[in-house]
Amino acid sequence: MLAYKLAFKNLFGAGLRTWLNVSVLSIAFVIIVFYNGMLEGWNKQARRDTKEWEIASGQLWHALYDPYDAYSLQDAHAPVSTDVQKFVDKGDLTPVLVTQATAYPQGRMINVLLKGMDPAQKLVKIPTEKMLVKSDGIPAVVGKRMASSAGLKKGDNLLIRWRDRNGTFDAKEITIVDVFRCNVPAVDNNQLWLPLNVLQTMTGMTNEATLLVAGDTYNKKNIDKWVFKDETFLLKEIDDIIKTKKASSSVISILLLAIALLAIFDTQILSIFRRQKEIGTYIALGMTRSRVIRIFTIEGSTHSLLAIVLGMMWGAPLLGYFQKAGIPMPSVADAAGVAISDSIFPYYSMGLIMTSVLLIIISATIVSYFPTRKISKMKPTEALKGKLT
Amino acid sequence: MENQPIVKLENLTKRFPVGKGEFTALSNISLTFQQGEFTGLVGPSGSGKTTLLNIIGSLDTPTEGDAIVIGQSISALTHKQAATLRNKSIGFIFQTYNLLPVYTVYDNVEFALLLQKRSAAERKKAVMEALEWVGLTDKVKSKPAMLSGGECQRVAIARAMVKRPVLVLADEPSANLDSKNSHHIVQTMKNLNRELKTTFIFSTHDEKVMQHLDRIITLSDGQVAKDEQLINSKI
Chain A
35 MLAYKLAFKN LFGAGLRTWL NVSVLSIAFV IIVFYNGMLE GWNKQARRDT
85 KEWEIASGQL WHALYDPYDA YSLQDAHAPV STDVQKFVDK GDLTPVLVTQ
135 ATAYPQGRMI NVLLKGMDPA QKLVKIPTEK MLVKSDGIPA VVGKRMASSA
185 GLKKGDNLLI RWRDRNGTFD AKEITIVDVF RCNVPAVDNN QLWLPLNVLQ
235 TMTGMTNEAT LLVAGDTYNK KNIDKWVFKD ETFLLKEIDD IIKTKKASSS
285 VISILLLAIA LLAIFDTQIL SIFRRQKEIG TYIALGMTRS RVIRIFTIEG
335 STHSLLAIVL GMMWGAPLLG YFQKAGIPMP SVADAAGVAI SDSIFPYYSM
385 GLIMTSVLLI IISATIVSYF PTRKISKMKP TEALKGKLT
Chain B
119 MENQPIVKLE NLTKRFPVGK GEFTALSNIS LTFQQGEFTG LVGPSGSGKT
169 TLLNIIGSLD TPTEGDAIVI GQSISALTHK QAATLRNKSI GFIFQTYNLL
219 PVYTVYDNVE FALLLQKRSA AERKKAVMEA LEWVGLTDKV KSKPAMLSGG
269 ECQRVAIARA MVKRPVLVLA DEPSANLDSK NSHHIVQTMK NLNRELKTTF
319 IFSTHDEKVM QHLDRIITLS DGQVAKDEQL INSKI
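Residue numbers (our numbering), protein chains in the order written: chain A, 35 to 423; chain B, 119 to 353.
Simulated from the structure, these hints should not be mistaken for laboratory data.
Keep in mind that a hint or two might mislead.
[What the hints assert, rightly or not] Straight-line C-alpha distance at most 16 angstroms; calculated EDC-like pairs for lysine to aspartate or glutamate:
(1) B:K126 <-> B:D184
(2) A:K120 <-> A:D274
(3) A:K39 <-> B:E269
(4) B:K259 <-> B:E269
(5) A:K156 <-> A:D123
(6) A:K43 <-> B:D225
[To be verified] The calculated label-pair distances, taken between Cβ atoms and stated as ranges, are:
(7) B:K242 <-> A:M347: 27 to 37 angstroms
(8) A:K78 <-> B:S237: 27 to 37 angstroms
(9) A:L54 <-> B:P219: 34 to 44 angstroms
(10) B:V136 <-> A:S282: 50 to 60 angstroms
(11) B:Q190 <-> A:K43: 29 to 39 angstroms
(12) B:L195 <-> A:I400: 29 to 39 angstroms
(13) B:S237 <-> A:K43: 17 to 27 angstroms
(14) A:D300 <-> B:S237: 32 to 42 angstroms
(15) B:E250 <-> A:D300: 21 to 31 angstroms
(16) B:V136 <-> A:M347: 35 to 45 angstroms
(17) B:Q190 <-> A:F404: 42 to 52 angstroms
Beta carbons: idealized from backbone N, C-alpha and C, even for Gly.
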């Protein structure tokens, strides 16, 4: 207790130098919490959106299906058996048929994926019910990215050409009945969503599917030839990107912290050099050297406690504001290829705050301790004269 | 206890390394100090006064011989034991006061008691009593920068005396003071010596201070040149 009392008195007595160090450290603390909170918020939002729009509670894949190999689509489809159909009827699963096609928007030619889904499904947020409206061509819904890249809007007609299961080309016009906004590129980029039964008819793959989206009531087991892929597997890409981002954020955190800690280290060196008389006096009054070292270490590390308090004072309202208002993300951020919304809402968990607090306190204590080792070699008689040996 | 030696120096020698050679600061000193003595070490600069005080105060150790202070051999003490001895039994008064600048007068005097882990009530009583001895009860909230040299030295005396030590070591306590303050300081120390039977050993150059001493030990080139008992010292 005495050590803390002395540390606080000495720190407050040091005036501006203390507050400069504390301010720099508090800025580092708030930025570390902010940056990691932003990544955590992005992670949560990306996982939530991907589940809501694409994977629900998991997917059953045809054994040959590989989302990264377009050629696998040719063979990766199979009929929905009676056993599977029971789950579909109960609303536990919804089949999706995927096939390649070519679209011709405004005279251009682009490769697209046609995805068929039951308009009555409720497992994902894609507005498939919009496909029930009457239209000139085959009703289709597209995401904002697809609409933007192909120059499409609601009501537009579009010629598409595809191969049926026998390899024969066919072409028809579709009508865009809705453009939906979502943050998940995997259900948006170069994709056209059609009614499942229409796509099955177009391709001659009656009652067939490439994959089935599972709801949270599904038992998460393989069935027939369908292999169940759980959330961990399906969200691995997001997790990997977040891990990479966290690694780069660690570098930024370390750099910020290093700047702040350098100031504390420098102050400690200066303190020990300038306050030798004081150190000698402490020893003359009956303090052991180890106790003097402890006082100086606590004094240095107390910078971190003050920085955390100061950081909380100015950082909490600021971080709270960002948490409510969100941080606008530039449209180019979509290029990252993962679900990223127009605004990211940072998420500051207790774990994140406590980890940052501990990181600051421990690192400040370490850099405070090293310069004080000089005291253990100091002769009290020389220290009293203010002469470093 | 009255006739028990507080400090006993036996063939004490202290050498310091200087370049490749050695400098002998104290050479074969044997002295005894009884409880309640008011003794001054006098001599020119470099004669060994401060070195002798440092060894008696367990801030330094002898190269040869030994110093027995309050029954403890300084050469045999560990750092921790030496710190305990200083904290419990020895008070220091320095030429440059060595007050802790960020603390108030009260805090400076209280400091030694904080190390002894005494209760807040005990500390307050002892601090106020010590400040009363030196006449500074009206300056408790002042910081050292706001005090005159004489007042600073009186705070230093209060800090040395607050723990009621057996022995007080003062290194040139009046060197930075004018004659009026110098007289006041010595008078204060002398009164405490009489009232509390505290042993005072201090180094001095000041002729006026010497008039108050019971005993004067003159050092020259690290040796005792003269050891005089003065019967009629000024009060």
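Tested hints:
Under the criterion of a C-alpha separation no larger than 16 angstroms, the hint pairing B:K126 with B:D184 is consistent with the structure, at around 8 angstroms. Distance hint between A:K120 and A:D274 is unfulfilled; the C-alpha atoms sit about 36 angstroms from each other, more than 16 angstroms. With a CA separation close to 25 angstroms, the supplied pair A:K39 and B:E269 exceeds the 16 angstroms bound. For the suggested pair B:K259 and B:E269, the alpha carbons sit about 13 angstroms apart, so the restraint of at most 16 angstroms is met.
Distance restraint check for A:K156 and A:D123: the Cα-Cα separation of roughly 12 angstroms lies within the 16 angstroms cut-off, and the hinted pair is therefore satisfied. Distance restraint check for A:K43 and B:D225: the Cα-Cα separation of roughly 10 angstroms lies within the 16 angstroms cut-off, and the hinted pair is therefore satisfied. Remark: the range hint 27 to 37 angstroms for B:K242 to A:M347 is upheld by a beta-carbon distance near 34 angstroms. Judged by the Cβ atoms, the range 27 to 37 angstroms given for A:K78 and B:S237 is violated: they are separated by roughly 53 angstroms.
At roughly 20 angstroms, the beta carbons of A:L54 and B:P219 sit outside the given window of 34 to 44 angstroms. Checked against the given bound of 50 to 60 angstroms, the beta carbons of B:V136 and A:S282, roughly 57 angstroms apart, stay inside it. Checked against the given bound of 29 to 39 angstroms, the beta carbons of B:Q190 and A:K43, roughly 32 angstroms apart, stay inside it. Separation of B:L195 from A:I400 is about 32 angstroms and conforms to the stated range, judged on CB atoms against 29 to 39 angstroms.
In this structure the supplied range 17 to 27 angstroms holds for B:S237 paired with A:K43, their Cβ-Cβ distance being about 20 angstroms. Taking 32 to 42 angstroms as the suggested C-beta distance range, the pair A:D300 and B:S237 conforms, at roughly 39 angstroms. The hinted window of 21 to 31 angstroms between B:E250 and A:D300 is violated, with their beta carbons roughly 44 angstroms apart. B:V136 and A:M347 have their C-beta atoms about 55 angstroms apart, which leaves the hinted 35 to 45 angstroms range violated.
Here the CB-CB span from B:Q190 to A:F404 is close to 34 angstroms, at odds with the stated 42 to 52 angstroms.
The earlier numbered hints that this structure contradicts are 2, 3, 8, 9, 15, 16, 17.
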